[in-house]
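Keeping their order, the protein sequence lines are chains A and B.
By this note's numbering, the letter at position 349 of the first sequence is numbered 349, and the numbering carries on one by one without gaps.
By this note's numbering, the letter at position 154 of the second sequence is numbered 154, and the numbering carries on one by one without gaps.
If you're looking for bench data, these hints aren't it; they were derived computationally from the structure.
Where a beta carbon is used, it is the ideal one built from N, C-alpha and C, also for glycine.
Fair warning: there could be bad hints in the mix.
Said to hold, decoys possible - Some residues of chain A that are not near chain B, with every Cβ distance over 12 Å (derived):
no. : residue
1   : Leu27
2   : Trp199
3   : Lys243
4   : Ser440
5   : Ala544
6   : Ala551
What the hints assert, rightly or not - Here are the computed lysine-lysine pairs in the DSS-like style, where the Cα-Cα straight-line distance is at most 27 Å:
no. : chain 1 : residue 1 : chain 2 : residue 2
7   : B       : Lys147    : B       : Lys31
8   : A       : Lys561    : A       : Lys593
9   : B       : Lys300    : A       : Lys561
10  : A       : Lys563    : B       : Lys300
11  : A       : Lys563    : B       : Lys31
12  : B       : Lys147    : A       : Lys567
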Amino acid sequence: MQNIRNFSIIAHVDHGKSTLADRFIQLCGGLEAREMESQVLDSMALERERGITIKAQSVTLDYTGRDGVLYQLNMIDTPGHVDFSYEVSRSLAACEGALLVVDAAQGVEAQSVANCYTALEQGLEVVPVLNKIDLPSAEPDKVIKQIEEIIGIEASDAVRCSAKTGEGVPDLLEELVRRIPPPKGNPEAPLQALIIDSWFDNYVGVVSLVRVMNGSLKVGQKIRVWTTGRAHQIDKLGRFTPKSRPSETLLTGEVGFVIAGIKEIDGAPVGDTITLDNRPCEAPLEGFKQIQPRVFAGMFPVSTDDYEAFRDALSKLKLNDSALHYEPEVSTALGFGFRCGFLGLLHMDIVQERLEREYNLELITSAPTVVYEVAKTDGTTIYVDNPSKLPPSNEIEDLREPIIIASILVPPEYIGNVLKLCTDKRGRQKKMQYLGNQVSLQYELPMADVVLDFFDRLKSCSRGYASFDYEFSHFESAPLVKLDVLINGDRVDALSIIIHHDHAYSRGRELVDKMQELIPRQMFDVAIQAAIGSNVVARSSVKALRKNVLAKCYGGDISRKRKLLEKQKEGKKRMKQVGSVEIPQEAFLAVLKIGKD
Amino acid sequence: MERCRGGADGYVMRSAPPLSLYVHVPWCVRKCPYCDFNSHQVPTGEIPEDRYVAALLGDLDHDLPFVGDRELQSVFIGGGTPSLFHPSVFAHLLNSIAGRLPCARDMEVTLEANPGTIEHGRFAAYREAGITRVSLGVQSFDAGHLKRLGRIHSPDDVFRAVTELKQAGIHNFNLDLMYALPEQTLAQAESDVRTAIDLQPRHLSHYQLTLEPGTVFHHRPPQGMPDPDAAWEMQESCQDLFARSGFTQYEVSAYASQEHRCRHNLNYWKFGDYIGIGAGAHGKLTDFGSRRVLRTTRHKQPRTYLEAASAVGRLQEIREVEEADLPFEFMLNALRLREGFDLAAFEATTGIPEEVIERPLDVARARGLIEVTGGGRWRPSDLGWRFLNDLQALFLASKP
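The whole structure should be built from the sequences, with the hints applied where relevant.
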């Protein structure tokens, strides 16, 4: 156990975490050169495409130190996007240390700061690393000062390396072994293993990635999952190197996978404790704090036949994405579906894409919304995550919106743009501090304005240099109204939004204009209205198409005509019928495209 | 562009449907930028007319087993520009066809002609050869529009050709017109129709110009295409002009009195059978015994076709229409007719019981796209007539 090192890498998107991980694997001989697929750890196709890490992954490496000792390094990957900070704390719970990787040219970014504090809070040893020192624009001394000023950890002896060229990486491995402490834990105590991640495999059932805290695991043993109370026999144990290598045991302090014939999707929840059935531990491990989703949207299968498959897919995703929440929702416009809760818009995007790609579902998503607190006239307080569920205005005493505290780091030259953005988004400044070549800002902002496009706009107004992290602060009353959309007089529940009163008219205008663009001409005129209660604030219409007929058709080559009509029909399949009007999927997301300027 | 049919009305008997013959001539003086038919520029030297006709006859022989005891109701010689061929060539072709197949006494024989390729006396010779009906590719009477469309003829060529037709005693002729042309105004579209009507044809075809894949226009859309609303206005107002002059719109793009409807085309639309010979020709044949519906396709390249014609397998492809696709294929044709269809004809030509289309018919009716007449015929409603694609799509086989 003295030779085990469990660690994570904390880094901002693009600061080179995946490349560094690849380099470690290569140096420790985890894969032959020909097997090295660039950025091995980002194994989901989606992750590789987007260049971000979503799910925690682990790799066990054998490293022979300069002292001649063979070390077992367990590297547990962490996601780098602001939406996924919850996943980070999950990964960190299995580690004794973390590498804080900072781009020597770009400097410290807000998310790394947030994640670094999470690591420090969890008692981890944080080892600062300067990456990309091969870049001509690298300014290691400046960045070291920044780390010390902004994060407050000693960084003068930070390892300088380039994951790309490999320079300094061997020194980093040495530093890692030297500074990160070995795991503690009692090999003789009853088994306690923390489930870091679980996923469902169609052949073997649930596969769980665990960190053994106390005791040990052995193939054939009967284990018990704490919260379910159910016992399962261990079929297989092993480690990822990154290829999966079976093993007879997993000992105290080690990280690896467990397969125990668990067929129920929720049979091994993430954060749960595994113990032995015949010698259970007294109490479970602390696990992770349950994370509250912040953004909600309805998701509906395009074909009603897919409802069961959709439910099944959600339960499988939920298994290792505990931040995903869902419950059945019925929409008059979109039929049967689920109200889903997400950490943020990126999370929502990714869930939708995974559902469509991995489970072959075609989905329509309604406009995302945050959760509002409603004090009702009858003295009760409710939380509304669906605008169509907002009580009538005469039952509302006070309507409150969620406020977040945003921490932003930005180079001084962009401070003007960022301040303007925050003001536009109804922000209140809490703190502004100049730290070396970065300005640290704290703002209170309405969450509704942040989840939609704040991140994108922050990036574009600072040419990508500003970074950002946020946490929920409190609910605050605000003059909010519900804006409904009526199509040919029918209120479309899936299109309602809750919005600040001052924006209602302009957004209503934009929304109906956008809908007019997106709804194709049909057999009848389509009237589009935006209304607050019975007060119509904007209207527009899609003129009826006059005809839809093929000009000529003779016996000849009918296959082309067929294809044309099939294509038209296919296009309609992705639309939803509201009354007699066909509304394309994009129209339901039109609300995301308004209020941008 | 007009293509045709034959046969008595109503397919009551459960025998094979009426039979027509389509003959394709794949050459043109010049390929028009909007044309997606199988046409090729005339090769340097001469068109191998005799060789081609020999190939056509050999081609026809292969399909004879499908004919049974049916009489040929119509022949349509289309292109391309068939009027490039010498009349004697068609005389030989038609005689040889009559020698191979029983022909109806009043068989309709249509020839497509380009007004720019007609010399004096030519139509008389075509009539002599056995042609009973001519379809002239006029497209427009506006010199500017003709040029934009890449046509080789002038408005005067059309007037001359019509005079020639009448002098030759061919009164049964069709004029092809197009509307919604680049930069065309409503007044110009109406003027084209008026002029056409004044020439006293028996039949008029009126097509909206569409940009079809594989054409120059599709690749590089011309400037000033009228928008859908403008095109609709032209259509509506031209429909009016036709109606006032006694031309009944009996199909989406075809206008004529009851007796002068194009028999060849009606056969297509009623899901009749037709042999298709010539480069790139399509045929549809019912195999009696098995009641399978077959579609045939010939090689498109004239040279490949000529080479293959001497060999055994000159059919490029023969494909059986799957039963699940038959209702749609029937509707794609039948619903183009204003008069629609009766269920007996559906059963007779597809061999499929009417119950199979009950559901889509109900849906179409509920949506107001189709109606039943007193005589029990199903026909597109006014709405269904305008939104024919939506109506027809209801009969597409659902994909698993």
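Here is how each hint holds up against the structure:
no.	hint	in the structure
1	Leu27	holds (51 Å)
2	Trp199	holds (30 Å)
3	Lys243	holds (38 Å)
4	Ser440	holds (55 Å)
5	Ala544	violated (10 Å)
6	Ala551	violated (4 Å)
7	B:Lys147 to B:Lys31	holds (13 Å)
8	A:Lys561 to A:Lys593	violated (35 Å)
9	B:Lys300 to A:Lys561	holds (19 Å)
10	A:Lys563 to B:Lys300	holds (20 Å)
11	A:Lys563 to B:Lys31	holds (25 Å)
12	B:Lys147 to A:Lys567	violated (34 Å)
Checked against the numbered hints above, the structure breaks hints 5, 6, 8, 12 and satisfies the rest.
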